[in-house]
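**Student:** Line by line, the protein sequences are chains A and B.
So for the first sequence, my numbering puts the first residue at 824; every next one is plus one.
So for the second sequence, my numbering puts the first residue at 118; every next one is plus one.
Simulated from the structure, these hints should not be mistaken for lab results.
Do not rely on the hints blindly, as some may be mistaken.
Here are the computed lysine-lysine pairs in the DSSO-like style, where the Cα-Cα straight-line distance is at most 30 Å [to be verified]:
| no. | chain 1 | residue 1 | chain 2 | residue 2 |
| --- | --- | --- | --- | --- |
| 1 | A | K968 | A | K900 |
| 2 | A | K909 | B | K233 |
| 3 | A | K982 | B | K233 |
| 4 | A | K898 | A | K925 |
| 5 | A | K926 | A | K900 |
| 6 | A | K932 | B | K218 |
| 7 | A | K926 | B | K233 |
| 8 | A | K906 | A | K975 |
| 9 | A | K968 | B | K196 |
| 10 | A | K932 | B | K213 |
| 11 | A | K926 | B | K245 |
Interface residues of chain A toward chain B, partial, derived using beta-carbon atoms under 8 Å [to be verified]:
| no. | residue |
| --- | --- |
| 12 | Y903 |
| 13 | L904 |
| 14 | K906 |
| 15 | A918 |
| 16 | Q919 |
| 17 | F922 |
| 18 | S923 |
| 19 | L936 |
| 20 | E937 |
Everything numeric in this text was worked out from a predicted model, so none of it was measured.
Glycine included, every Cβ here is placed at the ideal spot set by N, Cα and C.
Here is how the chains run, residue by residue.
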Amino acid sequence: SGAAWARGLLSWARPERWLASGSLFPLSCIHTSTSLQKIGKWEKKNRIVYPPQLPGEPRRPAEIYHCRREIKYSKDKMWYLAKLIKGMSIDQALAQLEFSDKKGAKVIKEVLLEAQEMAVRKHNVEFKSNLHIAESLTGRGRYVKRVRCHGKGMFGIMKLSRCHYFVKLVEGPPPPPEPPRTGFDQAKEYVQQLRSRTLVHTL
Amino acid sequence: VLILVRSPLPRLRALLQRCWGRLERGLWPGVLRGQSPPWGPALAVQGAAVVPQGIDDASESGAEAPGLLESVLWMAAPKQRRTIEVNRCRRRHPSKLVEVKRNIDVCPECGNLKQKHVLCGYCYAKVKEETRLIRMEMYKKEGGPFNAPTVETVVLYEGEKPTEKDEGKRIIERSRKRPSWFVQN
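Chain A on its own, in the form it takes in the complex (with noise of 0.2 Å):
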């Protein structure tokens, strides 16, 4: 295992980069040797290089695309918590997770926390505080069946789930919250279909 962790490293040493512009892919790109496994897309989020900026332009907020996988918890528990903090800043979702009471939270909140290093270590982000979660999801991890014992020596098989965790972090403050749709926005939506209607197949 050394040696694969050794091929592994010296595989990421060569300029692993995906052009977003979509121009010419120069060789280096072809991965010849199996790195640990299978890396998943959200782990590969991160490796997107934009072209620089010119000078014109609005500065682009960065992303941080962070994710565990196979944590032992339930996907659907556990996307109570990831719409808890959906759309909140860093601080207030951790907050919010260090007193929630739920076992997923705990592992949440170590991801934020890795994320936010993460973020400002190898991201150039400047304010640890200045992120907000734009993202966070949840998947289906590898399903287990067990024997459970009931009695007159009955058993029923178990199902022991596990789940992913995925989190996307962008700098800067949190977008406001959408207003409810009122009834008179789904009346103007609604008379503006109306208004909208054409004759079709027609000269």
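Fit chain B to the given chain A structure using the hints.
**Tutor:** Chain B alone, transformed into the frame defined by chain A:
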């Protein structure tokens, strides 16, 4: 009309036969086959001679069999599969979502977060650790269980002398500077 299915697997067939036997024994043989049950000569009793309690017993024992039939065949079961849209409406209802807590503040002593009605976790852990060390000193002084003295205890840190108020009290020495939160006397 009940239809018997002969399954090819011998074990399943045996299981089905056992279940059938159990069901028949609970009722009377022949009722589930659709044929008439074995009729024997019944006792002819005069109406007036029958005791009302007997009627109640007969009705109770008689009602057991149709009760079993009803309970076996009319159990609550879902009729249709709940669609994912219906499931989502139930699982994502606002009452099931985790509420945002609004009672989180900053501790003025250490700066960590704390809930308004709860002691700060960091300060509590700090005090707990110091108390544990003081208790270890007390244990060393006492030497064993059930040796607690009947006088008060005073904890003195480095560079502190017992005052005249501390006369007659047990003195515990701690070899460190007095923490700022542990106010003297």
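**Student:** Would you mind marking each hint as holding or not holding in the structure?
**Tutor:** Here is how each hint holds up against the structure:
1. A:K968 with A:K900: 19 Å, holds
2. A:K909 with B:K233: Within the cut-off at roughly 24 Å; holds.
3. A:K982 with B:K233: 40 Å, violated
4. A:K898 with A:K925: 13 Å, holds
5. A:K926 with A:K900: 9 Å, holds
6. A:K932 with B:K218: 16 Å, holds
7. A:K926 with B:K233: 22 Å, holds
8. A:K906 with A:K975: 42 Å, violated
9. A:K968 with B:K196: Within the cut-off at roughly 28 Å; holds.
10. A:K932 with B:K213: 21 Å, holds
11. A:K926 with B:K245: 25 Å, holds
12. Y903: 5 Å, holds
13. L904: 7 Å, holds
14. K906: 6 Å, holds
15. A918: 5 Å, holds
16. Q919: Since the shortest Cβ distance to chain B is 6 Å, the answer is holds.
17. F922: 6 Å, holds
18. S923: 7 Å, holds
19. L936: 14 Å, violated
20. E937: At about 19 Å, which exceeds the 8 Å cut-off, the nearest Cβ of chain B leaves the hint on E937 (chain A) violated.
The earlier numbered hints that this structure contradicts are 3, 8, 19 and 20.
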